[in-house]
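Chain by chain, the residues run as shown.
Protein chains: 2
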Amino acid sequence: MHELPQGFLAAGGTCGIKASGKKDLALFVSERPCTASGMFTQNLVAGAPVKVSRERLPSSEIRGVIINSGNANACTGQQGLEDARWMTALAAEQFDCRPEQFLVCSTGVIGHLLPRAVLEPGIPIVASTAEHSPQAFHDAAEAMMTTDTASKQSSRSVRIGNQTIIISAAAKGAAMIAPNMATMLAVVLTDAELNVDQASSWLRSAVDQSFNCISIDGHMSTSDTVLLLANGAAGVRPAGADEHRFREALNEVCLELAQSIIRDAEGAGHFVTINVSGLNSNQDAARIARHVADSALVKTAIAGNDPNWGRIVSAAGYAGVQFAETEVCLLLNGFLVYEQGLPTRFDAAAVSQALQSGEVEIDLRFASGSGSARFWTSD
Amino acid sequence: MHELPQGFLAAGGTCGIKASGKKDLALFVSERPCTASGMFTQNLVAGAPVKVSRERLPSSEIRGVIINSGNANACTGQQGLEDARWMTALAAEQFDCRPEQFLVCSTGVIGHLLPRAVLEPGIPIVASTAEHSPQAFHDAAEAMMTTDTASKQSSRSVRIGNQTIIISAAAKGAAMIAPNMATMLAVVLTDAELNVDQASSWLRSAVDQSFNCISIDGHMSTSDTVLLLANGAAGVRPAGADEHRFREALNEVCLELAQSIIRDAEGAGHFVTINVSGLNSNQDAARIARHVADSALVKTAIAGNDPNWGRIVSAAGYAGVQFAETEVCLLLNGFLVYEQGLPTRFDAAAVSQALQSGEVEIDLRFASGSGSARFWTSD
Chain A
1 MHELPQGFLA AGGTCGIKAS GKKDLALFVS ERPCTASGMF TQNLVAGAPV KVSRERLPSS
61 EIRGVIINSG NANACTGQQG LEDARWMTAL AAEQFDCRPE QFLVCSTGVI GHLLPRAVLE
121 PGIPIVASTA EHSPQAFHDA AEAMMTTDTA SKQSSRSVRI GNQTIIISAA AKGAAMIAPN
181 MATMLAVVLT DAELNVDQAS SWLRSAVDQS FNCISIDGHM STSDTVLLLA NGAAGVRPAG
241 ADEHRFREAL NEVCLELAQS IIRDAEGAGH FVTINVSGLN SNQDAARIAR HVADSALVKT
301 AIAGNDPNWG RIVSAAGYAG VQFAETEVCL LLNGFLVYEQ GLPTRFDAAA VSQALQSGEV
361 EIDLRFASGS GSARFWTSD
Chain B
380 MHELPQGFLA AGGTCGIKAS GKKDLALFVS ERPCTASGMF TQNLVAGAPV KVSRERLPSS
440 EIRGVIINSG NANACTGQQG LEDARWMTAL AAEQFDCRPE QFLVCSTGVI GHLLPRAVLE
500 PGIPIVASTA EHSPQAFHDA AEAMMTTDTA SKQSSRSVRI GNQTIIISAA AKGAAMIAPN
560 MATMLAVVLT DAELNVDQAS SWLRSAVDQS FNCISIDGHM STSDTVLLLA NGAAGVRPAG
620 ADEHRFREAL NEVCLELAQS IIRDAEGAGH FVTINVSGLN SNQDAARIAR HVADSALVKT
680 AIAGNDPNWG RIVSAAGYAG VQFAETEVCL LLNGFLVYEQ GLPTRFDAAA VSQALQSGEV
740 EIDLRFASGS GSARFWTSD
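From first to last, the protein sequence lines stand for chains A and B. Letter by letter, the first sequence follows residues 1 to 379 of the numbering used here. Letter by letter, the second sequence follows residues 380 to 758 of the numbering used here.
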């Protein structure tokens, strides 16, 4: 169980969107206005909730987030936009604030209108259960799930002066070969006091090193969203050395959730970490890491515990980053398998055995510069 | 059986590179010097034969191509380069020309040195069987195969003045989940007379509309190569209206081979054509077509005969091409399933039935301009 930061309530319950009767409505609410920022899918075909939330951020007036699972409210046209705004209005009504002070996320099937008939009675009922408790936070995390097999939460506390601030987050993941679109949602809450610029740039940096470094199917969903709400209830503002520690904790929370999404990927037998180093820039390194992570042939090899260095090296070769073939080294779970453009005489059976552990570490080392990146994927 | 153009010999036989004892050495030889051009993999990690052939092209002195299967001679360092040059020298010796007049391709496992001990006696033996016959051409096409289930040939004849010129080509394909790298090789031969500029620009244009429009696993191999040899033996130069007809025949030969590669893709149950139209440029259309073709989620849906418009539309949405969501129309095998940003009320069972035929036509229509593209893939 994870604590909520001070001044936050949560709730998770069942409206009846999902035929299974499982929880399908989550609320995260702050007793006072929050500084908030968000990062959203780059897909041009974005769900209605993405459009509505995006236009309200960044902000220093946000009071909460309403999330439904079971229906993505994407590819739903003008009616979808009206439904998303209507959801925020109904949520705001329960907590005595304006509709514009609520953000909204939806995840599930696309191309179907939201069932207002079940949400209209459901939202007030679930809202009435909102409370400041680990259980309520857990319920909310569960209510975000679609094909996830377990709810995903993470939290950190950071001592600032004589105060302890908390960063707590909940996420839902994406699953390969899921029946629906593979959407990733995460909500990060903190009782630290941040201004809008801090919330925006610190969230971007944390997401770039976590959620933007995971790849399951390479298919960007219409609804991916990460939100940060900071309500300042702890009464302290991270500055100086505290800023560094706060941001480190924020990064850790995002990274832990991103990794748990990979570990929960449907049908995956291996958790794969890809380290790329020695490029001219971090961007170049990330490009190569992403191409390796997205390669279907690399995934197939890993699924079969096959130490197929050729697929990894050649995926690096078409990433669009310049390097000399003779400067590449590749290690698989610590075994040097490729060096200076040539495979080594490695013990294939021993490497395959190491891959069978389910934890795979791909280390691609170049000699161009000091740029590096780390990615995570599944097979 | 396909005819060879005038003045060309071919041979295909067994050296012993493949443990199976199947044919593994192909030769295409012209009795006179050819104008030749080539297009090669963009992968930075290129096989030694790619490097050697690339540095010899374009040329007006080429006499032939030697190809082995069973070993890609890629990731083989300096020794690999020496081996590739040695192969051309041995081939050139059999046909009384200089090593630089031969091109070389290799396909198969990567990271292993070529077995000179079997090639040294094998090359002269196979070369001694070279002849101008459909059977020899067929044998050569077979000797290029790796995981292909059938050899791939195509030819066209074009009447120019009172002469008939022939364009004949052989290719080997790529297979998803192949044990080795998925390499595509094609050799196009013609007895028309071309200059170097024509050979280069016409081949590029034909490849851009054929081999560059197919996608199986999105993984670019270290050895992909397309070669064009024109020996002028028919004594005519395509010009004016004849140029148009010649290029059309060249495009057709390349397209037929590219499509046969898709149809032969290992484990594929569907042949998928992706038409994208109405973008600002052909490049934009091709970008979207490639993203749809490469999407693992789209392939999975097609494999299951699932008319999953959401995966197709959202793959278009992350291609990096600007368009308005409300202008997109999608047809699956002629059924309108998505229009102006919304799914239609289509008959899912009827569309699924249509997909079960194994022939899938995805039509994505935009309203930005007149740019279009056509891609082919398998599930």
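The set of hints was computed from the structure by calculation and includes no laboratory data. Please read these numbers as outputs of a predicted model, since none were measured by experiment. Don't take each hint at face value.
Mimicking SDA-like on lysine to any residue, the simulated pairs with C-alpha atoms at most 20 Å apart in a straight line are [said to hold, decoys possible]:
| # | chain 1 | residue 1 | chain 2 | residue 2 |
| --- | --- | --- | --- | --- |
| 1 | B | Lys430 | B | Gly456 |
| 2 | B | Lys430 | B | Thr393 |
| 3 | A | Lys51 | B | Gly699 |
| 4 | A | Lys51 | B | Glu479 |
| 5 | A | Lys51 | B | Thr705 |
| 6 | A | Lys51 | A | Ala150 |
| 7 | A | Lys51 | B | Glu706 |
Restraint status (C-alpha distance of Lys51 (chain A) to Gly699 (chain B) at most 20 Å): holds (18 Å)
Exercise for review: Please work out if Lys51 (chain A) and Thr705 (chain B) have their alpha carbons no farther apart than 20 Å.
Suggested key: holds (14 Å)
Lys51 (chain A) and Ala150 (chain A) were given as a pair; does the straight-line alpha-carbon distance stay at or below 20 Å? Not OK: Lys51 (chain A) and Ala150 (chain A) at ~28 Å, beyond 20 Å, violated.
- prompt: Holds or violated: are the alpha carbons of Lys430 (chain B) and Thr393 (chain B) at most 20 Å from each other?
  reply: violated (25 Å)
>> Please verify whether Lys430 (chain B) and Gly456 (chain B) have alpha carbons no more than 20 Å apart.
In response: holds (11 Å)
Can the restraint linking Lys51 (chain A) and Glu706 (chain B) be considered satisfied, given a maximum Cα separation of 20 Å? Between Lys51 (chain A) and Glu706 (chain B) the Cα gap is close to 17 Å, so the pair holds against 20 Å.
ask   = Keeping to a limit of 20 Å between CA atoms, is the pair of Lys51 (chain A) and Glu479 (chain B) held or broken?
value = violated (61 Å)
Hints 2, 4, 6 from the earlier list are contradicted by this structure; the remaining hints agree with it.
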